[in-house]
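Number of protein chains: 2
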Amino acid sequence: MTNSELPNWEALRDYVQKTRQATSVLATLHTDTKNAVLRELAARIGASSGDILEANTRDVATARAAGLSEAKIRRLTLTSDAVAQMGTGLRQVADLPDPVGRVTRDDVLPTGLRVRKVRCPLGVILMIYEARPNVTVDAFALCFKSGNACLLKGGREAAESNTALFGLIHESLKAHGVPPEVAHLITSSDREEMKALLKMTGVIDLVIPRGGTELIRFVHEHSRIPMVQHFMGVCHIFVDASADISKALEICTTAKITAPAACNTVETILVHRAIANAFVPRLLDRFAKEGVEVRGDAAVQTHSPKVVAATDDDWGREFLDLIVAMRIVDNIDAAIEHIRKHTSNHTEAILSVDEANQRRFVEGLQSSCVVVNASTRFNDGHSLGLGAEIGISTSKIHAYGPMGLEELTTQRYVVIGDGQTR
Amino acid sequence: MTNSELPNWEALRDYVQKTRQATSVLATLHTDTKNAVLRELAARIGASSGDILEANTRDVATARAAGLSEAKIRRLTLTSDAVAQMGTGLRQVADLPDPVGRVTRDDVLPTGLRVRKVRCPLGVILMIYEARPNVTVDAFALCFKSGNACLLKGGREAAESNTALFGLIHESLKAHGVPPEVAHLITSSDREEMKALLKMTGVIDLVIPRGGTELIRFVHEHSRIPMVQHFMGVCHIFVDASADISKALEICTTAKITAPAACNTVETILVHRAIANAFVPRLLDRFAKEGVEVRGDAAVQTHSPKVVAATDDDWGREFLDLIVAMRIVDNIDAAIEHIRKHTSNHTEAILSVDEANQRRFVEGLQSSCVVVNASTRFNDGHSLGLGAEIGISTSKIHAYGPMGLEELTTQRYVVIGDGQTR
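Going down the list, the sequences are from chains E and R. Residue numbering for the first sequence is 1 to 422, as defined by this note's numbering. Residue numbering for the second sequence is 1 to 422, as defined by this note's numbering.
What the hints contain is simulated information worked out from the structure, not anything from laboratory work.
Straight-line C-alpha distance at most 25 angstroms; calculated DSS-like pairs for lysine-lysine:
#  : chain 1 : residue 1 : chain 2 : residue 2
1  : E       : K289      : E       : K247
2  : E       : K341      : R       : K18
3  : E       : K117      : R       : K117
4  : E       : K199      : E       : K18
5  : E       : K117      : R       : K341
6  : R       : K18       : R       : K199
7  : E       : K195      : R       : K199
8  : E       : K174      : E       : K18
9  : E       : K306      : E       : K289
10 : R       : K306      : R       : K289
11 : R       : K174      : R       : K18
12 : E       : K306      : E       : K247
13 : R       : K247      : R       : K306
14 : R       : K199      : E       : K199
15 : E       : K195      : E       : K18
16 : E       : K18       : R       : K341
17 : R       : K199      : E       : K341
18 : R       : K117      : E       : K341
19 : E       : K199      : R       : K341
20 : R       : K195      : R       : K18
21 : R       : K195      : E       : K199
22 : R       : K289      : R       : K247
23 : E       : K195      : R       : K195
Take a look, some chain E residues computed to stay more than 12 angstroms from chain R by CB distance:
#  : residue
24 : G50
25 : L53
26 : H170
27 : G177
28 : E181
29 : A309
Taking beta-carbon pairs under 10 angstroms as the criterion, some of the chain R residues facing chain E (in silico):
#  : residue
30 : A255
31 : I336
32 : T409
Beta carbons: idealized from backbone N, C-alpha and C, even for Gly.
All chains, full assembly: derive it from the sequences and hints.
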């Protein structure tokens with residue numbers, strides 16, 4: 001469907017209703033069946049690697065013809081390694097423990113009632129994402145393993161790749177007797193249809209937008225459904241007076257250069273005045289060698305003519321590039337104050353051997369991840385031991401930080417009595 | 001401020017900003033200080049009982065003059081018992097464990113990183129409620145103990161009572177050196193001001209509307225802030241073929257009559273056909289004696305001429321009155337299907353000695369509380385051992401079921417390393 005066509009409302013109602021109905025099957029599906037489907041899909045993706053890459057080649061050609069940016073084409077493009085990685089990811093999710101049915105509390109109260117809290121799926125999850133076709137497989141795997149039905153809305157530019165992958169998802173479900181309605185790929189790119197979906201409170205339980213700020217803003221503006229969002233990653237590192245200089249150099253450099261466009265890259269480095277002369281010139285040197293542009297305050301600028309003068313806009317800015325802001329601060333309180341003012345609640349790190357200052361920093365900041373003496377890079381689902389993640393939440397409601405299988409469930413009460421009344 | 005006045009935008013910005021700033025003090029406030037404030041407030045309320053009741057009398061007189069409904073006046077009216085109950089509630093919250101800082105995970109990963117998940121406050125909570133003045137004290141106590149700053153917007157009709165209670169809250173905070181900005185009473189009833197507040201994403205972290213469906217709808221329509229809502233309580237009881245008849249009679253009767261307007265009252269009773277002749281006449285008899293109107297399907301109507309014919313609208317309806325819907329079903333699957341169609345995700349109960357059926361019911365329904373052989377009444381924070389509750393969530397995101405102190409917090413990651421990079 002192109003943007004100029006009107007949405008097919010009947011088809012919309014039909015697929016949403018069928019997805020909703022599938023939730024009751026999913027909520028009690030045996031773990032072994034879920035894992036078998038995920039392994040089946042891994043095998044089918046492996047066997048169909050050629051077809052998937054062909055479909056992707058067609059998407060890339062269309063995207064080039066339409067003049068899409070190189071960055072977008074890079075995100076769209078699959079390689080045989082990337083396809084193999086999908087299979088590995090699926091097998092990893094199959095190996096993870098099933099959160100559904102996990103008992104998190106089991107008490108017998110004075111009334112004689114046995115009160116249990118039990119993890120259960122959320123229901124229907126609407127996942128809205130952009131060019132990357134691997135998200136189709138990742139999101140399906142995490143939603144399915146956590147017992148949730150999913151509506152997957154990928155970017156129009158990845159339509160052929162997504163359709164090829166989604167065909168394999170449906171085949172794998174059917175091969176194990178699972179109704180294929182537990183997952184639905186939305187191929188329309190109609191904005192009215194999306195707006196209608198975003199108003200379906202009570203039918204869709206959660207919406208997860210994954211993409212640029214424009215997408216997040218669109219969803220935020222139109223959604224009446226609860227949303228878990230990753231808004232921005234403006235990560236800070238504070239290099240305290242007592243920091244181990246060689247470790248600090250490694251952490252600050254890699255936190256920028258190993259993946260400058262990732263949300264857990266450092267965007268602002270704050271350096272304690274007492275260590276600035278010993279540390280800043282060496283760090284500037286490293287950054288210069290790596291081609292990183294430094295935007296510094298007046299004190300940082302004194303250390304090298306290459307430092308660009310930072311503007312007010314550079315503090316709290318998500319560069320997502322080989323650019324970093326740098327500032328000298330008088331003490332830890334000034335660092336905490338700066339971060340509080342500019343935080344996106346993603347990740348902040350302190351490099352310090354002073355335990356009192358470590359504690360002060362950890363208690364003084366409430367970001368989703370506060371790191372002591374390590375890189376901001378470790379705020380992701382794999383590094384924190386979740387096994388896989390569907391995104392990183394920077395808002396505190398429902399989930400805060402990386403969202404794995406457990407964060408895609410909720411907890412309900414099961415109460416067993418023997419005739420109690422009140 | 002009356003509805004005809006324009007909001008004072010400057011005052012709005014000022015109090016919201018001050019409340020926001022107070023969150024950093026609150027997040028690290030010592031448990032002893034929080035408990036001392038709560039006990040201080042209990043003592044001050046006890047000592048000022050006369051003043052509070054006088055203020056309430058003025059509210060009630062104004063409400064009567066304005067022609068408010070008797071039901072609303074009943075909710076507005078305080079008695080000396082109700083004031084004493086506020087003090088008891090405050091001491092109970094002081095006695096509850098502090099959720100802030102609680103470590104819910106503590107692992108050392110293969111990278112050598114120590115990963116902890118730690119409970120932390122949500123930030124600023126906007127609580128919107130109606131006539132009951134005791135909510136001012138309850139909501140403050142739960143928000144404060146869980147480390148959250150709060151904006152309290154009570155009903156206009158309770159303005160004098162709320163102002164009197166809120167004065168004591170501020171005095172109690174100051175007496176223990178806590179900045180009074182951690183709590184703010186919104187005395188304006190301007191809808192534009194409320195709409196502006198409901199758009200303050202990132203400044204206000206959570207909105208909790210507590211009141212009738214009109215209030216919930218207003219908040220739902222205008223809010224861009226995450227919301228935890230209690231929408232409806234349409235609780236079902238299924239009386240299975242094997243139910244203990246005398247216990248089932250007690251449970252079904254009390255679940256309606258002890259508090260017909262509470263959200264955990266039973267609204268629909270489904271009876272297995274095999275037990276109907278033995279059970280339904282006796283239950284109808286009990287209901288008749290207690291003045292409960294029964295709206296039944298054709299099969300129920302055959303048991304008594306007093307039974308009113310149920311319409312389609314009566315299934316899934318929240319009567320909140322001495323009215324109950326009743327239906328005979330062929331088997332447990334028909335009961336589960338009926339409930340799935342009409343559930344509000346609040347509470348469902350099965351009365352059965354058949355363990356396979358108990359399991360089928362518990363697994364087949366995903367409401368916030370599923371009860372076996374006890375009353376639907378037990379779905380509340382006190383009965384489930386939470387100590388206190390700020391409301392019961394019927395949506396699955398963030399919290400599902402009664403929300404106590406823990407549900408007013410979130411979990412963040414604290415990662416301790418020794419120079420790790422990636």
